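Here is what each chain is made of, one letter per residue.
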Amino acid sequence: MFEARLASTLTLKRIVDALREILNQSTLDCSDTGIQMQAMDNSHVSLVSLCLRKEYFEKYKCNRNISLGLDLKSLTKVLKCANGDDAVTIKAADKADKVELSFESAGKERTADYELRLLNLDQEHLAIPETEYNCVVHMPATEFARICRDMATFSESVVIACSKEGIKFSASGEMGAANIKLSETTKGEVSIQVDEPVALSFAGRYLSTFTRATPLAEKVKIGLAPDVPLLVEYPIEDYGYIRYYLAPKVDDPDG
Amino acid sequence: MFEARLASTLTLKRIVDALREILNQSTLDCSDTGIQMQAMDNSHVSLVSLCLRKEYFEKYKCNRNISLGLDLKSLTKVLKCANGDDAVTIKAADKADKVELSFESAGKERTADYELRLLNLDQEHLAIPETEYNCVVHMPATEFARICRDMATFSESVVIACSKEGIKFSASGEMGAANIKLSETTKGEVSIQVDEPVALSFAGRYLSTFTRATPLAEKVKIGLAPDVPLLVEYPIEDYGYIRYYLAPKVDDPDG
Amino acid sequence: MFEARLASTLTLKRIVDALREILNQSTLDCSDTGIQMQAMDNSHVSLVSLCLRKEYFEKYKCNRNISLGLDLKSLTKVLKCANGDDAVTIKAADKADKVELSFESAGKERTADYELRLLNLDQEHLAIPETEYNCVVHMPATEFARICRDMATFSESVVIACSKEGIKFSASGEMGAANIKLSETTKGEVSIQVDEPVALSFAGRYLSTFTRATPLAEKVKIGLAPDVPLLVEYPIEDYGYIRYYLAPKVDDPDG
Chain A
1 MFEARLASTL
11 TLKRIVDALR
21 EILNQSTLDC
31 SDTGIQMQAM
41 DNSHVSLVSL
51 CLRKEYFEKY
61 KCNRNISLGL
71 DLKSLTKVLK
81 CANGDDAVTI
91 KAADKADKVE
101 LSFESAGKER
111 TADYELRLLN
121 LDQEHLAIPE
131 TEYNCVVHMP
141 ATEFARICRD
151 MATFSESVVI
161 ACSKEGIKFS
171 ASGEMGAANI
181 KLSETTKGEV
191 SIQVDEPVAL
201 SFAGRYLSTF
211 TRATPLAEKV
221 KIGLAPDVPL
231 LVEYPIEDYG
241 YIRYYLAPKV
251 DDPDG
Chain B
1 MFEARLASTL
11 TLKRIVDALR
21 EILNQSTLDC
31 SDTGIQMQAM
41 DNSHVSLVSL
51 CLRKEYFEKY
61 KCNRNISLGL
71 DLKSLTKVLK
81 CANGDDAVTI
91 KAADKADKVE
101 LSFESAGKER
111 TADYELRLLN
121 LDQEHLAIPE
131 TEYNCVVHMP
141 ATEFARICRD
151 MATFSESVVI
161 ACSKEGIKFS
171 ASGEMGAANI
181 KLSETTKGEV
191 SIQVDEPVAL
201 SFAGRYLSTF
211 TRATPLAEKV
221 KIGLAPDVPL
231 LVEYPIEDYG
241 YIRYYLAPKV
251 DDPDG
Chain C
1 MFEARLASTL
11 TLKRIVDALR
21 EILNQSTLDC
31 SDTGIQMQAM
41 DNSHVSLVSL
51 CLRKEYFEKY
61 KCNRNISLGL
71 DLKSLTKVLK
81 CANGDDAVTI
91 KAADKADKVE
101 LSFESAGKER
111 TADYELRLLN
121 LDQEHLAIPE
131 TEYNCVVHMP
141 ATEFARICRD
151 MATFSESVVI
161 ACSKEGIKFS
171 ASGEMGAANI
181 KLSETTKGEV
191 SIQVDEPVAL
201 SFAGRYLSTF
211 TRATPLAEKV
221 KIGLAPDVPL
231 LVEYPIEDYG
241 YIRYYLAPKV
251 DDPDG
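Protein chains in written order, with my numbering: chain A, 1 to 255; chain B, 1 to 255; chain C, 1 to 255.
So that you can see chain A by itself, here it is in the shape it has in the complex:
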């Protein structure tokens, strides 16, 4: 028997928004430590990983491990029926074929219960090796989203180059070329740690889908190392994260 309660639905809405463009369906692995999810995106190029520790929840009970196969489109529709400040309780019996979501308004005069059918999804457990990144950048999540959007105007490929001087995003195509440079700020909005300068090329449209997670966090963490997938991490308060991984393009890593 699984039961988890959140005092507010807002973050749950944002988590599902961050996943639903990249995944149609998803299996949440619930255990007594919390909820985990890992999956390749629909086109099997990038990888997304979700972690929500049980401390994140107002109430959390999970007697035995359970996997909840969810259709993210349906889940989105149910979450649209809730106010952001409704409390939400998620319940599933052992071996159940459905999950129940109950929303309560602040004054409790209104309760809304929804049942969603569970899906039987093939699970591939993916090992994500811990990586030492040569460059680690923290920057405002909205700034990263804006840069990804602006780069997409110019080219399908984005070169991210990082050195002690700062982080530079470049794109070049038919219309012209774009270069955006950020340097470390004294106010601490942008922080840059560099062991070794790196310049790598990535497919811009995956970067853009990652930025659907922007409302989740003030800051995004970017990790870069040669020949290793880019890490884009959005913390979920202090209790978890969504991490996206994207392998660099092999051809034009000029920058």
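Treat the hints with caution; some may be incorrect.
If chains are identical, the list can't say which one is meant, so a pair holds when it fits in one copy or spans any two.
[Stated by the list, open to error] DSBU-like cross-link-like pairs, simulated, lysine-lysine; straight-line CA separation at most 30 Å:
hint, residue 1, residue 2
1, 61, 187
2, 181, 95
3, 98, 168
4, 187, 249
5, 95, 219
6, 221, 91
7, 61, 181
8, 95, 221
9, 98, 181
10, 249, 54
11, 80, 13
No wet-lab data here; the hints were simulated from the structure. All values derive from a computational prediction rather than experimental measurement.
The hints should help you fit chains B and C onto chain A, whose structure is shown.
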């Protein structure tokens, strides 16, 4: 000769918004007591009835009964040309083939006059029998609109069940099931009078079109009785109303 | 070598918005006095003219005359990448095949550079004779935009009639007729100078495209004279303007 003046165009805009999805054309029956309109919706399933007493108007003159056949799409276009706080005067001569709408801005430096052609519409006068409803519920109009929208996510049919415990809306389909319960609140936002519990099934998409009237009123009144059309009533200040009627579905009135 | 710097990108965005519906491409003629542009609209009916004096710029350098052929769609895309309050510097070398736009955020921690390819456009220099207008009207730009939009609901043709009593816009079609009258206001929002009353008919859709310039100016100036193109002028602060010219329709100048 007919002439009626409103100090503000806003409510008129909202009335037409409430009607125009359900009706393409409409005949307003103007008499010395006010304006009445009754019609079946375009698909001849539900019924809508409008009443505006002459006290609703700043000025009202109607020497002899006159019927104004209006194309609601055209009327909407004309109303879009007006600011909500413009004063509006509606005029028609006896046996006229057009109606005149004049809008005046507050300072009167701007006047805008529009003429609309009148239509010759067949009139069917529908007798709506007075009904005693077993259950009468008053609830916030925005809450009713939200519930109708949320139910539509799950099924074409909505079961409305009312008892002393409260009013419950249910829908169930491919994706899953939804139940929303409201109980009477001490703050008086939801009030429920029940002589006899009732559970009836309705076509959700008609309920949704009724909620186009939401901006007209704080509260909506819902009347339920077995084998009798549902009443959904939006008062127009103290001077009239829009009422919608919808027969229950005969098949699945389980709830 | 050409270099011009603006403290804010906002007005530049608005200028390009004002031009891009009427022109696909445009040649800016830069000289030591400022920037000029003249062109027929895409369908060769109306004419648009832009003037930005060098005093408009924070910094302005132009050693020798240079013509910059720009694709306005691409320029719009680049400007979308900038914040309204970024400073912008536009640079082109003599005989260059590209122009460079550099945006700097207030704190200068972020710089974004864009290169746009220049186009080789045929230039037709159009002589616009100075005209004495019988009627000159100044009115709020938003009011003019609203009237053009409202008139379009009724007809493709708009009659503008101006006399000492005021300015009247009329349109009449299938659906009905519209008349909007403005009189001179004591507050000075509408001012009307009339030597001789004029009534002329114009194609409404050109008037509507002119109103894309509305965000540029509080007031629009309208100049009318018989058998002469209508003038619609939006000042750009005190340092320039966008002017649109549209010949009257020859057929129905009744009004």
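Comparing the hints with the structure gives:
no.: 1; hint: 61 / 187; verdict: neither (41 Å within a copy, 35 Å between copies)
no.: 2; hint: 181 / 95; verdict: between (52 Å within a copy, 28 Å between copies)
no.: 3; hint: 98 / 168; verdict: between (47 Å within a copy, 22 Å between copies)
no.: 4; hint: 187 / 249; verdict: neither (33 Å within a copy, 61 Å between copies)
no.: 5; hint: 95 / 219; verdict: neither (39 Å within a copy, 44 Å between copies)
no.: 6; hint: 221 / 91; verdict: neither (33 Å within a copy, 35 Å between copies)
no.: 7; hint: 61 / 181; verdict: between (47 Å within a copy, 26 Å between copies)
no.: 8; hint: 95 / 221; verdict: neither (38 Å within a copy, 43 Å between copies)
no.: 9; hint: 98 / 181; verdict: between (49 Å within a copy, 21 Å between copies)
no.: 10; hint: 249 / 54; verdict: neither (37 Å within a copy, 46 Å between copies)
no.: 11; hint: 80 / 13; verdict: both (8 Å within a copy, 29 Å between copies)
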